[in-house]
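Engineer: Put the two chains together into one complex; each comes in its own frame, and the hints tell you how they fit.
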Amino acid sequence: MNKHFLGDTAVLLGRSLRHIARSPDTIITTAIMPIAMLLLFVYVFGGAIETGSDSYVNYLLPGILLITIASGISYTAFRLFGDMQGGIFERFQSMPIARSSVLWAHVLTSLVANLISLVVVVGVALAMGFRTGAGVLGWLAVAGILLLFTLALTWIAVIPGLTAKSVDGASAFSYPLIFLPFISSAFVPTASMPGPVRAFAEHQPVTSIVNAIRDLFTQQPVGTDIWTALAWCVGILVVAFVFADISYRRKIS
Amino acid sequence: MLAVMSIPPTTDRVAEPAIQVQGLEKSFKQLKVLRGVDIDVARGSIFALLGSNGAGKTTVVKILSTLLKADAGTARVNGFDVATQAADVRESISLTGQFAAVDAILTGRENLVLVARLRHLKGPGAIADDLLRRFSLTEAGNRRVATYSGGMRRRLDIAMSLIGDPPVVFLDEPTTGLDPEGRLEVWQAVRKLAEGGTTVLLTTQYLDEAEQLADRIAILHEGRILVNGTLNELKQLLPPAEVEYVEKQPTLEDVFLTLVGARAEKEQR
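As they're listed, the protein sequences go chains A and B. When you read off a place in the first sequence, starting at 1, and then add 3, the result is the number in my numbering. When you read off a place in the second sequence, starting at 1, and then add 5, the result is the number in my numbering.
Only chain B is shown next, with the shape it has when bound in the complex (with noise of 0.2 Å):
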């Protein structure tokens, strides 16, 4: 209980949210994939949209970034409608997909000058120079993309929504097809983040991702939100856990990061 006072609800903290949804539907011609969905995300936050497959989290994320029109309802990010502000969204806005949408014939640095470049920005090379050690990719900087790994491609992928300091930023799935080392360094990134204040709507299919991280989480389901809270009032849905003795045995995870992670240590020193 003291849990969930200790979170103040989304309407006192800020008098505007970052992202409002009102009735928000999408057919692809037979097909209703969003059936009225409505979302509200408070500035600064972590909100997380979680669903199988198929749910409807990536149309959701393709209309609020202006990619996709809806059939109905009302979208508005940074206080712009998506539909009639389109380009003043675009302002506020970046998309990370639900694959690393970056070049990869490109260099690292390469690809983040050129974000930079069409956002026109000034200086373009020193702000991939910046990003480029916010994310420890300096070394790896001048190879090109195609070598990176699948976590130093998502972590690129991010640094370039990060050009411009959009205040709103838009994750589909930005773990899928990662390894655990990998899943654990985007969140990380994702945490820096909303430490500097941006509002980040994240989807994802993992549970512990949005456990994780997510200040509040909706779960989309056939193309409604199905419940809406944070995670200790989700929680409370269901009746109150039973108190178990069991016996704490190391995930596979914690064994495969102990062992990994010391390696990796070792090799850093």
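Pulled out of the complex, with its shape left as it was, chain A reads as follows (with noise of 0.2 Å):
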């Protein structure tokens, strides 16, 4: 690792994240979507659920979180994209410092963007209602699997942030992701689908991670779907970080 690895992303993640504090309605824009269907599907869908839970936004909450992380990423890809666009990215390429700093500042960026946006979603969910009994640890344990969610989801991120070749290319990717918990326990029990759509629901990601955090919220035995969503997170991880640096190498080669 190059010695000014840690200095050269810690200089560049200052840059983006005050990208961030001047344009705060990324922020928002991201939490605007998620906490519109919480409150739709709360107080217009939501009696007609049946959950089998005490209260929908208890058993709402864990997809919505997802969600908000999917939408959250595009603007990853969107600052990578204006970078390589605007000729900056080649200005730093070009320059004495360890040159994967310029990708991991992004990275990081996306962490702390998403956290903030969990952050007022849950803030929101909570004036609506959403109470939980989980304690410190249950809370870092949440905390955890969507850290590795929104870690996983950057790195697809990356991808086209590096090779789109609009603007709407770069975010459009976003949108099946968005979709992925529609078809999935976040906000109908899996066993009330068809066969086939039931079969999907119950194989993809999304699933075992929203019963991974929702057993985390009501403090039941997480089983395996915990283990279950955090293999599905280092998979999506590991996969998406090897085309990204595929992606990576080509542009600085």
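Check the hints yourself; a few may be wrong.
Some chain A residues well away from chain B (every beta-carbon gap over 10 Å; in silico) [as the list claims (entries may be wrong)]:
no., residue
1, Leu42
2, Met131
3, Ala137
4, Gly138
5, Trp142
6, Ile186
7, Thr221
8, Ala234
If we take Cβ atoms under 8 Å as the criterion, some of the chain B residues that face chain A in the derived model are [claimed, not checked]:
no., residue
9, Thr71
10, Leu72
11, Arg95
12, Ile98
13, Gly102
14, Asp108
15, Ile110
Keep in mind the hints are simulated off the structure, nothing from the lab. Ideal placement from N, C-alpha and C gives every residue a C-beta, glycine not left out.
Structural biologist: Encoded structure:
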């Protein structure tokens, strides 16, 4: 590792965080769609949805948090794309810095920005009556899963950020990710779905992650869900990282 | 003839040129962009790479600044091989790309501080303030770059390139898209650079820019260097000029700059 890696990453992280501080709309727009869904599903559709849970907002929040992350990472792709287009990426790459720190700064910025959005969404959920008996360890476990999920999706976002030809292309990739929770246990129990849909819903990553977080919030034993969830997160992370790394190497050689 | 003799040949100036390029080739898929480029640039000189759009100027600059790998040939910058000693090359150069590579969301000063930090220099704030002064950007220093004019952005861009005093500076079409005043500002900045002993390789598609600035000019065409020499040497490639009587009218540029320049001076007072 280059001896300047940590220092350079810190400097570039400071730069990206300043971008966020100067355009807080990226945080607000990230949080606004999940909040709208939260309101819509809790106060409009929720009454008709049978989940077996005492309150629907408690049932819904884990899935909404994943949607928040899925919509938040499109800004990561957007910011990276902006650097690529503006020429500042090339300026950094032609300087005597640890080259990979340019990417890592964007990745860490994504973690910080998503964390803020998540806190906002959780705050709204609390105001809407979300309650959990989870202690510090439970919350830490939830935070850890969300962090890992953000990291995995962020590395996916790096790929279009590096390779897209237009702004639309750089952020469009996130739409399927945002809608994946709809075909999962995030909004309704999978048992209510017809066979093939149910099979898909029960074997895609969102369901196990949502179930694990839900169990942590309701202080139920997490069972195998948490291992499936962690395996999905790490698997996505590794695959996305490899492809992002390949795209990156193509860009700089 | 006298003019040619007064400019000594490159090899007599310094033993080792700041930039040495031999047999450089680069293709993008089927397209052969560079077909064997040879250049030597003497230390402390301004070298202009002249060519039309798509001639391969930017590709040469990208290879020299370690952003692209050549398919064949060698290139040494400040004595370091761009392929095998890329990190040393990056210590020795700075690149100002075709589009002003500045961060529009940060202020001018923050941009300079950022680069000073990334070059691991002490006192980034003082370095930034000094450059803001040298490039007449002190007043604009705390404004976001998004509010700057094209000329100001370019000036900031070049100021960012000077941080850490790299011995070799690449300027890729530094005045493309600038108004006449902006061009003059950039030209002045480039001249100051060379006076300070920096080697400048600039690419341009404007003939007058090369004429104004460069000690040596090379014309890149279809991936090869057609000619390489001083302005006078290049002029001698064509038959001697005929003496004609011409009534010298001011050019539109003269008129424009006189009118606008006069007003700008008045505003400054």
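Engineer: Could you tell me which of the numbered hints above are not met by this structure, giving the numbers in increasing order?
Structural biologist: Per hint list: zero violations.
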